[in-house]
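Visitor: Residue 710, in my numbering, is where the sequence shown stops; the numbers in between run on with no holes.
Check before you lean on any hint, since a few could be wrong.
Below 16 Å or equal to it, Euclidean Cα-Cα: the simulated EDC-like pairs (lysine to aspartate or glutamate) are [stated by the list, open to error]:
no., residue 1, residue 2
1, K679, E631
2, K679, E709
3, K379, D470
4, K421, D460
5, K480, D470
6, K375, D361
7, K692, E631
8, K452, D361
9, K588, D637
10, K379, E408
11, K375, E357
12, K684, D473
13, K388, E357
14, K629, E709
15, K153, D131
Label-pair distances were calculated between CB atoms; the ranges are [as the list claims (entries may be wrong)]:
no., residue 1, residue 2, range
16, A476, P422, 30 to 38 Å
17, P560, K588, 15 to 23 Å
18, D555, E521, 44 to 52 Å
19, E593, L510, 50 to 58 Å
20, I355, E477, 38 to 46 Å
21, K452, P405, 37 to 45 Å
22, I446, S313, 44 to 52 Å
23, K479, E520, 54 to 62 Å
24, S387, K328, 34 to 42 Å
25, P422, Q345, 22 to 30 Å
26, E349, L306, 53 to 61 Å
27, K648, K588, 25 to 33 Å
28, E593, D473, 20 to 28 Å
29, S387, Q345, 28 to 36 Å
Since the hints were derived computationally from the structure, they do not count as laboratory data. Don't be surprised by glycine CBs; every beta carbon is placed ideally from N, CA and C.
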Amino acid sequence: MEKRTNTQNNKYIYVIFTALAVITLSAAVLFYILTVNAAQEDYIEKLRNIAELKSNDIKTWFKFTEKDGATLLEGLKKQKTLFKNFDENSWKKLDDILVVQHFGMVEAAGYVSMFYTDRNLESITDTIYNFSTLHPDLQPARELAGTKKPRFSRFFPEKTDSGEKIFFYLVVPDLEGTDSVVTQNLLIKIDPMGALAPKIFSATRLIGTRENALVVNANSDRQYNWVLRSDSLIKRKVSLPEMKDYVPYMAAVGDTGFVSGIDFRGAYVFAYIFDIPGYDSKMISKIDKDEVYAPIQNFILIALVGVSLIFMLLFITAKFMIKKYENKTLQAFLEIEKEQRKQEELFSNIFESSPDAIFLVSVEKRLVVKYNRKAEEMFAMSKAKGALTIDSTAMYKNPPSREDLEKMREAMMGNKPLQTKIEYRAFDGREFWGSLTGTLIETGGEKLYLLRVIDITEEQKMLDDLNDLTAELKKANEEKIRFISVLAHDLRSPFHPLLNILELLSESYDTLEQEESLKMVRSARFVANNHFRLLESLLTWTRTSLGRIDFSPQPLNPYSIVNEVVRLQEPSAREKGIKIVTKFNASEEIYADPEMMRAILRNLFTNAIKFSLPKQEVVVTVTKEEGFIRFDVKDSGVGMTEKQVENLFVLGGNTSTYGTQGEPGTGLGLLICKDFISKQGGNIFVKSTVGEGSCFSFTIPVYEG
């Protein structure tokens, strides 16, 4: 309880500290917004006041400019050769749009040079005045070739003795005739830093492509700066793509308000644009940047100091409050850490000493994050490559189906227990069965799924063997039931003819001829012998099934054993007119039980004779195969279907059949043959075609000595 209280106290301290800090910052931001708005309004008002104080000077300046322009115009009129075709209207139009420089201007006023050029501005034809010793660059003026009214060129840089300076040209065309053909041009080179440029700019209206734009300059008064450089910082409405670097600020009609930008000297300046009453012009009043920045800097300094003091106070207070609970909190933390280490050690001991393989899987990432020693041993985890996910098929003998993976995912995400059996393959190739159980646990705020695997390979093998044995017993039981059903029929059937014969002899013996009586007795004997052989076969098969037949293998000569059985079978073969042929292609001895060999050959010969037609042959062939002697007993009788062949050695699958002369049978002989051959380490094969006969082949191991 004490630990929880200390933790809560610390939380309260941090919450209070954070709240005070947020309130302080919010107040500072609000104060900043209000102060900046007030400061901006103050700056604009200050600019307006400065502009009003200077308005009379500006008006006077404009009047002098207009007067100087008129004087220059009169001086220019004296050049009759230049404007010889001008009438009064032309002079009036020129007076409205252009004020030019008169003779005698000096460089300080902005005049540099004056030339006459050819009509295309290709070369200079006469020099009126040239203050500069440099050969003039006519390219900026040449861009205006063909103009029929005075035009200003673009600004262009030029190196002088005092460094690189900016200039521009005034091009005045000399027109001749009613078609106004340009014969030559007056080219005036002007320095915008001198006094001439303000006079020209202030008196200019509708110049070339700069229509509806007024260029204002007041370089003569250093408190004002009218020539601003064109860049992204200058707020303006008129775009002048032909004016690249140092250009006058273009004040469009309706342009007023606070502006900022870079002047031609490269200094960042602030100014205020406003209309000049009574003039179709605008004025830009410049304010020094220190007047703009100083109040903001003072406010920021005061705000920083205030905020720093408040934060320092808050920090000292919080530090004091935290220090008060520091020892208790530290002690509680150490106790918790000690208990946590104890629990982790206990869990680690249980985890590592478990006799079962245990995996910890991240529920979120489905990644195996930890496994114990038994898992390492069971799955050979040291041979695993890379990170292992729960969906990985590397640990399974057969990849799990999508349904199994979905079942596992649902168990992990739904906090459900998992229990199943899986056939695994370890990373060293070992295959085994495992019982998998899963449980969701949570540690350190992370959800983990604990998977436990128990090796149940032996149990699964025993269960599989038991299932196989159960299936075999069930099958054997079903076969025996079918066999007993057939056998009961076969045992019962011979008694009917035998009883009929005996009854006839008993009732009619005195009236029967001796020959008829003898025939009936022989028939009865035939039936009785067949029934005896059936019972004998049944007894032999029963003893074989119960393992009560003596098995005494010894070296035997195939030639001798085959001929012995052939001699015994020849009488019954002759009765049907069947010939037995023997072919020996092997002289090696076999290792077999002689009684079992006689029984095998006797049954195969009996069946071959039974299902052969008169005048046919039964051929027995003895050949050697690798490690075995092969016996083939082939007849040319009625043959069998594929289904009959499949059921020959199945208990209950082979019903008794009659031979070509009605010889009865039970099918037990072939079952006895198969058991005897298997007991001696051989195999039996059958090939048969309906109407062509059958061939029974079996192998017996060669005697190795």
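Visitor: Determine for every hint whether it applies to the structure shown.
Guide: Structure-based check of all given hints:
1. K679 - E631: violated (21 Å)
2. K679 - E709: violated (23 Å)
3. K379 - D470: Cα-Cα ~28 Å, so violated.
4. K421 - D460: Measuring from Cα to Cα gives roughly 23 Å; hence the hint is violated.
5. K480 - D470: Given that 16 Å is the threshold and the Cα spacing comes to 15 Å, the pair holds.
6. K375 - D361: holds (14 Å)
7. K692 - E631: violated (21 Å)
8. K452 - D361: violated (21 Å)
9. K588 - D637: holds (10 Å)
10. K379 - E408: violated (28 Å)
11. K375 - E357: holds (11 Å)
12. K684 - D473: Given pair K684, D473 is violated - Cα atoms ~22 Å apart, limit 16 Å.
13. K388 - E357: violated (19 Å)
14. K629 - E709: holds (14 Å)
15. K153 - D131: violated (20 Å)
16. A476 - P422: 30 to 38 Å: holds (32 Å)
17. P560 - K588: 15 to 23 Å: Hint holds: Cβ distance 22 Å, inside 15 to 23 Å.
18. D555 - E521: 44 to 52 Å: Holds: the Cβ-Cβ distance is about 46 Å, inside 44 to 52 Å.
19. E593 - L510: 50 to 58 Å: Because 54 Å falls inside the window, the suggested range holds.
20. I355 - E477: 38 to 46 Å: holds (45 Å)
21. K452 - P405: 37 to 45 Å: violated (22 Å)
22. I446 - S313: 44 to 52 Å: Holds: the Cβ-Cβ distance is about 50 Å, inside 44 to 52 Å.
23. K479 - E520: 54 to 62 Å: holds (56 Å)
24. S387 - K328: 34 to 42 Å: violated (51 Å)
25. P422 - Q345: 22 to 30 Å: Holds - the Cβ-Cβ distance for P422 and Q345, about 27 Å, lies within 22 to 30 Å.
26. E349 - L306: 53 to 61 Å: holds (55 Å)
27. K648 - K588: 25 to 33 Å: holds (31 Å)
28. E593 - D473: 20 to 28 Å: violated (38 Å)
29. S387 - Q345: 28 to 36 Å: The hint (28 to 36 Å, Cβ to Cβ) holds, given that S387 and Q345 are roughly 30 Å apart.
Checked against the numbered hints given earlier, the structure breaks hints 1, 2, 3, 4, 7, 8, 10, 12, 13, 15, 21, 24 and 28 and satisfies all the rest.
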